[in-house]
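Colleague: Here the protein sequences come in this chain order: V and E.
Take 108 as the starting number for the first sequence in the numbering used here and just add one per residue.
Take -14 as the starting number for the second sequence in the numbering used here and just add one per residue.
To be clear, the hints were calculated from the coordinates, so they are not data collected in a lab.
Please note that a few of the clues may not be correct.
Ranges between beta-carbon positions, derived for each pair [as the list claims (entries may be wrong)]: (1) E:Q199 <-> V:K299: 44 to 50 Å; (2) V:T248 <-> E:T212: 50 to 56 Å; (3) E:L155 <-> V:T199: 45 to 51 Å; (4) V:G281 <-> E:T197: 48 to 54 Å; (5) V:K186 <-> E:P45: 31 to 37 Å; (6) V:S287 <-> E:P235: 36 to 42 Å; (7) E:T212 <-> V:G281: 30 to 36 Å; (8) E:G139 <-> V:R127: 43 to 49 Å.
Note that CB positions come from ideal geometry on N, CA and C, so glycine has one too.
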Amino acid sequence: MAFLRLVRAPDPPQDALQERSDDELMGLARAGLRSALAVLVERYARRVVNLCSRFVNDAQLGRELAQDTWVLVWQGREKYRGDGGFVAWLVTVARNHCRNELRRRKLVAVHERAPLAEDSASSPGQLDSLLVDERRRRVRTALAELSGPLREALLLRYADDLRYDEIATVLGTGESTLRSRVHHGLKALKEKLEEES
Amino acid sequence: MSDKRCPSENELLSFVDADLSPEQLARVEKHLEVCSACAKQVMALTSLVEDLAAPLASEPPLDVALHVAGVIERLDSRVTVPRWSTWITWGGSLAVAAAALLLVMKLQAPAAPHAVGTGELAARGGPAEATLSRNIGVQLYVSQPSGLTALGSGSRISQSAALTAGLRNLANERAYLLLFALDSQQAVHWIAPEYTSPGSNPEASPIAPSQTEQLLPSTAVFDDLATGPLRVVAVISSKPLHVSDVEALPPAELSAEKLLKRFPRTEVRQFLLEVQPESKP
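With the rest of the complex left out, here is chain V (with noise of 0.2 Å):
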């Protein structure tokens, strides 16, 4: 008598993985495949990064967070529903960490310090430098002081590229909601900087 051998197929190649979609990758991640996930941390890495950082505004934790959420990721891919909007899941799983986070270190925002107290800057291209940097500075200590729906709204727009439709996934909030939030923390954010200067 023949016994059917079940035998685990090997983990396709790296270069197989790459061509595969988001929701291919996490079919393959749900059956325990962590080489399918590191496909998916590559290639959304930067972005993760750049929101959990500007969600906290500190580069370094802003890191830490997003390699919480890429184990997040994979400790909740069962609910995953794999109907294309892993990056809207994505988002949705880095902004809730951010801000439990932000709750758990009672920290509302990191004021970097000014870098024009560092170095003396001779050319002009380093002055440039610096002053785009001091702007940029006050534009997110502004930020950090807007109300969250607006700051969250503003950050999943501009730092994260969102289109409004992905936004009203993440934050389960209307689209015409999200356009006016957006605009209203663009004005409110221009009002604070010209109140400043």
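Based on these hints, arrange chain E on the given structure of chain V.
Modeller: Leaving out everything else, chain E in the frame of chain V:
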């Protein structure tokens, strides 16, 4: 709209936001060619949007390969996921049911203070904490339409269960309670005190001296409670601790033993429950 009439502020914002229809876009673009005031506004808003999208100044370039390796290495570790709870204050029939239950319990309660029951684990510090152990009783309940049901270790609850606790303090001094649950996903859910906003750091709930059991003022319904084992932890102290004392700790530090090591002048009790999936209607 004529080219000479300035677009509204919202239209300019939508222009910067790349959120205009092709017709609107063409009109605004044509207007910007001739109106320096609007062009200036658009430039300011565009610069603002670019600043929002720009990387943080202190951010060194990301080594993606190293980042990926770091993630894969950590896949089996646990990440603490604190969650919000919803608190429901006693009222109406729920209050009547709770009061009736407490009356029955008062009639039936033995004179001895709360004893550590089967499956309920307790750890305590020195002699002063032994007094806490003798004098303070904590009983978990699930609140249902029919009334309160006492929970013990091994009890099963649903994901939407409303939990509360009955407290008794036979001492003359006030004691304090931090009561939280840690689910199978390592998410921390608070029962007491009520922890409702991220910026707050509430003090442990007071347990006033009382010969009879007093219910917490509210029940907690957990947000996104994971199925599987649920460890409910009670940290009882004579001086108030705060929510942040627990929230700042990773899950590995939330075992009864480690909590006691960290807060030696406390009594730590835990109840091991099982969360079952919500049954479909």
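Colleague: Cβ-Cβ distance between G139 (chain E) and R127 (chain V): within 43 to 49 Å?
Modeller: holds (44 Å)
Colleague: The hint says 50 to 56 Å between T248 (chain V) and T212 (chain E); measuring C-beta to C-beta, is that right?
Modeller: violated (43 Å)
Colleague: Check the following: the C-beta atoms of K186 (chain V) and P45 (chain E) are separated by a distance inside 31 to 37 Å.
Modeller: holds (34 Å)
Colleague: Cβ-Cβ distance between G281 (chain V) and T197 (chain E): within 48 to 54 Å?
Modeller: holds (50 Å)
Colleague: Look at the Cβ atoms of T212 (chain E) and G281 (chain V) and judge whether their distance stays inside 30 to 36 Å.
Modeller: Holds, since T212 (chain E) and G281 (chain V) (Cβ atoms, about 31 Å apart) stay within the stated range.
Colleague: Taking the Cβ atom of S287 (chain V) and the Cβ atom of P235 (chain E), is their distance within the range 36 to 42 Å?
Modeller: Holds, since S287 (chain V) and P235 (chain E) (Cβ atoms, about 39 Å apart) stay within the stated range.
Colleague: CB of L155 (chain E) to CB of T199 (chain V), is that within 45 to 51 Å?
Modeller: For T199 (chain V) against L155 (chain E), whose Cβ atoms are near 48 Å apart, the range 45 to 51 Å holds.
Colleague: Taking the CB of Q199 (chain E) and the CB of K299 (chain V), does the distance hold inside 44 to 50 Å?
Modeller: At roughly 49 Å between Cβ atoms, K299 (chain V) and Q199 (chain E) fall inside 44 to 50 Å, so the hint holds.
Checked against the numbered hints above, the structure breaks only hint 2 and satisfies the rest.
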